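Undergrad: Listed below are the residues making up each chain.
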Amino acid sequence: MKFKPDEIVSVLQSEVEKYRDRLEARETGKVLEVGDGIARVHGLSNVMAGEMVEFTRTKVIGLAFNLEETSVGVIILGNYLELTEGDEVVATGRLLQVPVGDAMIGRVVDPLGNPMDGKGPIITSESRFVEAPAPGIAARQPVEEPLQTGIKAIDAMIPIGRGQRELIIGDRKTGKTTIAIDTILNQKGGDVVCVYVAIGQKESTVAKLIEILRANGAMDYTIVVIASSATAAPLQYLAPYAGCAIAEGFMHKGQHTLCVYDDLSKQAAAYRQLSLLMRRPPGREAYPGDIFYAHSRLLERSVKMAERWVIVPTGADDSKIVDDSGATNAAEQTRGQGEAAKVYVGPLEKEHAHKHVLPKFPGHKLARVVASGGSLTALPIIETLEGEVSAYIPTNVISITDGQIYLQGSLFNAGLRPAVDVGISVSRVGSKAQTGAMKSVAGSLRLDLAAFRELEAFAQLGTELDKATQGQLDRGYRVVEVLKQGANVPMSFVDQVAIIFAATKGMLDSVPRNQVQAWETQFLRYFKEQTPEVRNGILKEKKLTPDLTKGLEKAIKDFALQFRP
Amino acid sequence: MVENNLTEATEQGYFDNTSRRLIDTYTEALWSAANTHGRSSAIREEAEGLATAIRSGELIKLFFEGNGTSRDQRGELLKKVFEGKVDELLSNFVQVLNNHDRLYLFGDILVAYQKFDDAKQGRVDVDVTSGYSLSPEQLANIEGVIRNRLGKVPRFHQKLDPTLLGGMVVRVGDMVWDQSSKSKLNRLTQLLEEKGTHEIQAGRDRFRTPE
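Just so you know, the protein sequences line up as chains A and B, in that order.
The first sequence begins at 1 in this note's numbering and counts up by one.
The second sequence begins at 1001 in this note's numbering and counts up by one.
Hints are computed from structural coordinates only; laboratory data are not their basis.
Some hints here could point you the wrong way.
To be verified - Covered, in the sense of this in silico footprint (three residues per stretch, anywhere, with C-beta under 8 Å from a C-beta of chain B), are these stretches of chain A:
(1) 8-16
(2) 40-51
Unchecked claim - Among the chain B residues that face chain A by a calculated CB cut under 10 Å, a handful are:
(3) R1020
(4) M1175
(5) G1196
As the structure is a prediction and not an experimental result, all values here were calculated from the model.
All C-beta atoms in this analysis are idealised placements derived from N, C-alpha and C, irrespective of residue type, glycine included.
Please work from the sequences and hints to get the whole structure.
TA: What follows is the structure, encoded as structure tokens:
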């Protein structure tokens, strides 16, 4: 690498020549007291709520948090130990922003967007406000596209759609983070940009997670935002909003994003600390009155943006379509000079355009506006104490999200991993966010499992069972066995479909229970290598046509002959 | 001046809302009474002197803020100290405060009174910090600008700070107008640093091969 010093010097020289002096006017205040990450400031009489302020001596940034009659409560985003009483504070007139854009991908940053990975400065000209209003209903469309987690139990029974908010809830050490990380790993080679926000966690844990992401090549599409437990409360409080803003940067360019907030209980605790220090009145469990709003405004920012479609000539470059590219006007005729282009917003208008308008324009096609149709899927995590879901923060977040994945310590310890309690886990988007193939094989899985659980409890009483009941039990044991999955080995949806198909159709009944996992591993290899036409067929069609069903059945039967436990 | 007010206010709990409301109410009452008799400016001068005196002596402070003596005793004492020596209004005011057991606010009220009077009279405290002492003509110039801009009469407090190199820093309340050479140089340094980093990074990107 060669630098040309002359070039740099000439740039600087021209800067010096162009430097125009202006009178600097600033609004100032003085620090009255400082401590525990907050400062009280006298002055700054015109400061806005949420405005950035700067402590001029140490260059530390703060945020105007409480506007009171005679003073301003400021949360300090940085080292507050060096600040002293009487320090000057200057209002900046700006709101807090984080850098966004492609330069962020693969980086580990703090909630202010400063790099933490020692890979040099992040040079990007784009930035977004950390606190931004959620898109309104006109800008949205229903959540229908699946976001594959790669975890059989979840993709089959609790499907997650792009733009959904699915809570992962459970006690400590039940595999909450693992589910989130596996979901990130499963996006490899896909079109989803992931943001992992670590709030109040041990740095050693986060380092380990980043290592897993790196080892699996997931850092190529992932950004990690860290506010570890060593960070002051203000940064822990801001981290999820910053992560969300970074993801929104991609979403508004039409990309799909996934944002994991790990975990919001710690963020709530950080916010409680700030609020109590600021003397805001404490409410239930000493949380401030607006703790619900703190979480709801964050999770409302998860969205599936409406797709916008325009009719363009067939030869048009798909990567350069904007609202103005359309060939039709509001009356759906050829667009004249000076007329605005007609944009078809959402799936219904798209269908209308496809059926009724496009035929009138031979040599044209429907094309999606590039910056439309992005999504932000949120996976907030909440840690419960002793399985207590009726505590304040868990109930709040459960009511905000579109469903929850509930993890049970008892299942985890019984070796059932992921320890998803299927009975009380739901996804309010439901099977709309499932591929046809998965829908057809997993449709009754939940009910069957529930029936099995009841039977199992009954069977434990030692009563003798009739043959049909025993058969149902055996089937159930195999389904449970099939839903087990190791950490960090997400599975593609075709493989999931094949395995669940085998289990629910009773094709595993002859395999001993303890050999099901071995069967699965061997079958998947066989499936991929020996019957690629069936596998690729399902992958392409995304549903089980009669032919494909037959092919799959045949593959399973053929494999049964060569299975070696 | 501003700084002194601030220290005083912090010491005495001006930022405690209850005390502050009391202080504001008593201050306004005193000023209105003084204004009706046309003596507001005279009392301001006395208030300034008294405030300094209270600040300087630990013993005086203790007398006003402590409650070691009874109300009557204090009343007698205040009569001896103040009567005939300060404006009659101010002397009466001290007695009123004593009767209401609010004597501990006296220091704060004196400070607040000066500010209140200034605001009513359209006066404003202006801190001028410069690298060299300013000539009367220069000050008159600044006064003209401030009168034009804020419509108020400035009361100057001059400070010398050789590290500013040239130019000056003018502070009115929360607002600071900075035209010193020091801050100009600082701004230029910052600008060049940013530009330089950007150039170096751009240069590095040019040589980077796509992976």
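Undergrad: Kindly indicate which numbered hints from before are broken by the structure, ordering the numbers from low to high.
TA: Violated hints: none; all satisfied.
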